[in-house]
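Student: Chains as they are written, first to last, in our numbering: chain A, 1 to 474; chain B, 1001 to 1474.
Hints listed in this document are in silico derivations from the structure and should not be mistaken for laboratory results. These numbers come from a predicted model, not from an experiment. Just so it is clear, CB atoms sit at the ideal spot from N, CA and C, and this is done for glycine as well. Careful, some of the hints might be misleading.
To be verified - Quick look at which bits of chain A chain B covers, simulated, 3 or more residues with Cβ under 8 Å:
no., segment
1, 161 to 173
2, 289 to 298
3, 325 to 333
4, 416 to 423
Stated by the list, open to error - Chain B regions said to be covered by chain A (calculated; three or more residues, Cβ under 8 Å):
no., segment
5, 1322 to 1332
6, 1352 to 1363
7, 1422 to 1431
So the chains spell out like this:
2 protein chains.
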Amino acid sequence: MSGLNAFFRPSGCAVLGASRDEQKAGHQILKNMIRASRCGGDAVYPVNPAGDEVLGRKSYRTISEIPGQVELVIWAVPGNFTESVLADMRARQEERGDLRAVVVVAAGFSETGSREGVRREEMLVSCCREMGVRVLGPNCVGVIDTSSGLDTTFILGTELLDGGVSFVSQSGAMGAWLVESWSSEIPPVGFNKFISVGNMSDVSIIEMLDYLRDDPETSTVGIYLEGYEQGRRLAECLRSLSAEKPVVALKGGKTEQGARAARSHTGSLAGRDRVYDGVLKQVGVCRAHSVSELSASVQAFDRLPAPAGRRVFILTQAGGPGIYTADLLMSGGGVERARISDSTRRQLRDILPPFASICEPEGHADITAAATARQHAEAAEAILRDDGVDSLILVTVPVTFVPAEDIASELLDVVHALRKDGIDKPLLPVLLAGRPVAGGVRMLDEGGVMTFETPDDAAGALLKITDYYARGRG
Amino acid sequence: MSGLNAFFRPSGCAVLGASRDEQKAGHQILKNMIRASRCGGDAVYPVNPAGDEVLGRKSYRTISEIPGQVELVIWAVPGNFTESVLADMRARQEERGDLRAVVVVAAGFSETGSREGVRREEMLVSCCREMGVRVLGPNCVGVIDTSSGLDTTFILGTELLDGGVSFVSQSGAMGAWLVESWSSEIPPVGFNKFISVGNMSDVSIIEMLDYLRDDPETSTVGIYLEGYEQGRRLAECLRSLSAEKPVVALKGGKTEQGARAARSHTGSLAGRDRVYDGVLKQVGVCRAHSVSELSASVQAFDRLPAPAGRRVFILTQAGGPGIYTADLLMSGGGVERARISDSTRRQLRDILPPFASICEPEGHADITAAATARQHAEAAEAILRDDGVDSLILVTVPVTFVPAEDIASELLDVVHALRKDGIDKPLLPVLLAGRPVAGGVRMLDEGGVMTFETPDDAAGALLKITDYYARGRG
Chain A
1 MSGLNAFFRP
11 SGCAVLGASR
21 DEQKAGHQIL
31 KNMIRASRCG
41 GDAVYPVNPA
51 GDEVLGRKSY
61 RTISEIPGQV
71 ELVIWAVPGN
81 FTESVLADMR
91 ARQEERGDLR
101 AVVVVAAGFS
111 ETGSREGVRR
121 EEMLVSCCRE
131 MGVRVLGPNC
141 VGVIDTSSGL
151 DTTFILGTEL
161 LDGGVSFVSQ
171 SGAMGAWLVE
181 SWSSEIPPVG
191 FNKFISVGNM
201 SDVSIIEMLD
211 YLRDDPETST
221 VGIYLEGYEQ
231 GRRLAECLRS
241 LSAEKPVVAL
251 KGGKTEQGAR
261 AARSHTGSLA
271 GRDRVYDGVL
281 KQVGVCRAHS
291 VSELSASVQA
301 FDRLPAPAGR
311 RVFILTQAGG
321 PGIYTADLLM
331 SGGGVERARI
341 SDSTRRQLRD
351 ILPPFASICE
361 PEGHADITAA
371 ATARQHAEAA
381 EAILRDDGVD
391 SLILVTVPVT
401 FVPAEDIASE
411 LLDVVHALRK
421 DGIDKPLLPV
431 LLAGRPVAGG
441 VRMLDEGGVM
451 TFETPDDAAG
461 ALLKITDYYA
471 RGRG
Chain B
1001 MSGLNAFFRP
1011 SGCAVLGASR
1021 DEQKAGHQIL
1031 KNMIRASRCG
1041 GDAVYPVNPA
1051 GDEVLGRKSY
1061 RTISEIPGQV
1071 ELVIWAVPGN
1081 FTESVLADMR
1091 ARQEERGDLR
1101 AVVVVAAGFS
1111 ETGSREGVRR
1121 EEMLVSCCRE
1131 MGVRVLGPNC
1141 VGVIDTSSGL
1151 DTTFILGTEL
1161 LDGGVSFVSQ
1171 SGAMGAWLVE
1181 SWSSEIPPVG
1191 FNKFISVGNM
1201 SDVSIIEMLD
1211 YLRDDPETST
1221 VGIYLEGYEQ
1231 GRRLAECLRS
1241 LSAEKPVVAL
1251 KGGKTEQGAR
1261 AARSHTGSLA
1271 GRDRVYDGVL
1281 KQVGVCRAHS
1291 VSELSASVQA
1301 FDRLPAPAGR
1311 RVFILTQAGG
1321 PGIYTADLLM
1331 SGGGVERARI
1341 SDSTRRQLRD
1351 ILPPFASICE
1361 PEGHADITAA
1371 ATARQHAEAA
1381 EAILRDDGVD
1391 SLILVTVPVT
1401 FVPAEDIASE
1411 LLDVVHALRK
1421 DGIDKPLLPV
1431 LLAGRPVAGG
1441 VRMLDEGGVM
1451 TFETPDDAAG
1461 ALLKITDYYA
1471 RGRG
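In isolation and in its complexed conformation, chain A is listed as follows (with noise of 0.2 Å):
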């Protein structure tokens, strides 16, 4: 058993700082673990000096008080009570001998660049290393482990719901933005694990990608990166972890404004942006440059099946949307249009409305605003049945005549008659816009077909799925 695996599933956690006051961070870390808890938080137990009933549930005064095992402590008390807690963790330690991790998410460590922070976080990493207990942070958000049912943080509204996907960032609000914007979204977007490795006093995010390299439940990795001060080491990480998985990172600091606010962030050398990008490149590792196209090359990783080839086509019922995602794929590079067979151009013909523009340019179709939704699926199970085709983006701004709901529908009707004849190529549905979609999006999401809510995140998504996997191929 790995030494990390006490922070994705312990036996029993503490968490110290588990206050009454909804407004402290320590409440609502505590409603998260018991929210996220399969068996109702039955061995998460809140700690506080006054010893005070919380949420309903039985509080200790200390670590040492608890009855039940205790692998993981959650420690949301301020950075000037380590001495005490770190005298509580020894005396449990010593007693009962079962702690294993502990996540600081308390700030006031050697982030501060005080010496009185620095002084404290090395008297923390002593003292747990002593003791055989992990450290994550401190100055982190901590982990969310959607299978294992654990949420270590004061994010709010999670939706833990299950994914491939996880994440490791060296910032816990970019991991927050991202984790509450897949569970705003409809229907909201599942992950698998999220790690905020904050300072990285001693459990680094190598360690951490290591650890992602091996779980199962990890199909795709996102990373927030801001800099690493063992560049090599980072890179033979990284290298190893994209010969097994899809990894995209969003680097942070690339100019030098933001290079230097990174230094004052997690004390991080931001490092070159270029140097930063042929590295990535090298070790095979995917590149952001964006928080949206990130978060949606890591869903489409996860979620459509890998492509052939490079040849993608794109069917639009609208003009204008068509053409700019036209303009978004050739203008990314990495694909190219495909060109499909005399034999499917006829079909196409046929199936479409008389004014149809078919083919032309190569790898385009548009439909036109007349065309039903039946001919909307029927146009693209013929595309996706041509073997010049490797994957297909689908735009259309349904209207009245053709409600997104019916669209979907036949949609999901053509890919279940695909997957029977052993076809899965990406599909990359992008149905425009807002809350007149709503519906056709759900049913899209929920029967197993990722929609994108932008040609920009469709084409960026397929531009990073197709060459990953060209690459693959040699």
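With chain A fixed as given, assemble chain B onto it according to the hints.
Tutor: Chain B only, in chain A's frame:
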């Protein structure tokens, strides 16, 4: 009175093809016209061959039969009825002489590239010219005017809220996408006019842009452009427009693939992208490269005060997202980091939590997750009062102990206090993310402080408005 006024403030409208069948465009158009109309759509007349009552109002078999005044005809019957519709219009015009304008939503004209379609369009235009009727389209979705209360489109769910932005589009679907997105925001975003020009058989994009230049209700113009044969005339029109008000354009057909698709979409010669880029710059038009950038920029021009200079300060409660914002701003170019005075620095040090990072680097302060709502606001106020600052982006990931609503309420107080003292600088709050911050976002927007969904939107918009006003000052 401009010859185009009847497209926006007609006395009486006939809706040709206003069917009882909810699956027909004409049904939704009638619904939109009635919903938009301030007076319950009393002067909106359904016309259909059966003379059926539709949506509870009396229908007419022909336009000629309508007893009231009819200045505008909305044409939602298929193109192959062209001759009979024109005959009906001519009969009306000879008898009553009240028709002024027709919005031809129908397709099946020159955009099909067929001889028949081209012939029909020629007949349409020459007939209408003889009658003194202006033609918008064909193959367009027409016009929305939130201030007069008119919506000739079949776009779903438009919130008819006032705003200063008008948008002209060579693609109806791009307009539908934008309008549906604005209407789906929380709270919904208003606009002034939306105009889809379609085939431009008579009224060109140039005439519409000239109209908006002189329109006192339009403060800012957004454009989706594919191409225009008379490039020099378009450039002159844009120059004279952007001398009056800010203009942001998104160009479709940037890549060869996109340009070819544009050619079959609107028959436009998209032209070399670099040429467009140069011309747009020369004539003072801001160029957006994505729909979200276009959308955020036009709204920012409408709703934010003009920055007096290029000096931006980033105030962040969240390390990673603050660094991400710095990267976005600084890689965009055209802004400078603000340098605050020593006294403002001291003030920030007094206001903020002990571990806040102030002006490391210049123009950047990380107030840390320990900052209260009051500290957010006091810091923002101190920075906005500093003479060295022209604009402020505020990035925060509200947590349970600092709810988004508290931050919003404190910020609103500050904005009011500053305005009282005559200080009105752009303040761009980014509250991350999703449902947990919806309440705060709504409070700010309703309180007159525009919020941004992502740092990308805020940075994109701030770069555009800063550059526009800095150029204006020479």
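Student: Now, for every hint given, state plainly whether the structure supports it.
Tutor: Verification of the supplied hints:
Judged by the Cβ-Cβ criterion of 8 Å, the segment 161 to 173 of chain A is covered by chain B as claimed, because 5 of its residues qualify and three suffice. With 3 residues having a beta carbon nearer than 8 Å to a beta carbon of chain B, the segment 289 to 298 of chain A meets the requirement of three or more and the stated coverage holds. For the segment 325 to 333 of chain A, the stated coverage by chain B holds: 5 residues have a C-beta nearer than 8 Å to a C-beta of that chain, and at least 3 were required. Three residues within the 8 Å Cβ limit are the bar, and the segment 416 to 423 of chain A against chain B gives 0, so the coverage statement is violated.
Counting residues of the segment 1322 to 1332 of chain B whose CB lies closer than 8 Å to any CB of chain A gives 8, so the stated coverage by that chain holds, three being the minimum. Closer than 8 Å: that is the beta-carbon criterion, and the segment 1352 to 1363 of chain B has 6 residues meeting it against chain A, so the requirement of 3 holds. Coverage of the segment 1422 to 1431 of chain B by chain A is violated in this model, with 0 residues showing a Cβ closer than 8 Å to a Cβ of that chain against a need of three.
Hints 4 and 7 from the earlier list are contradicted by this structure; the remaining hints agree with it.
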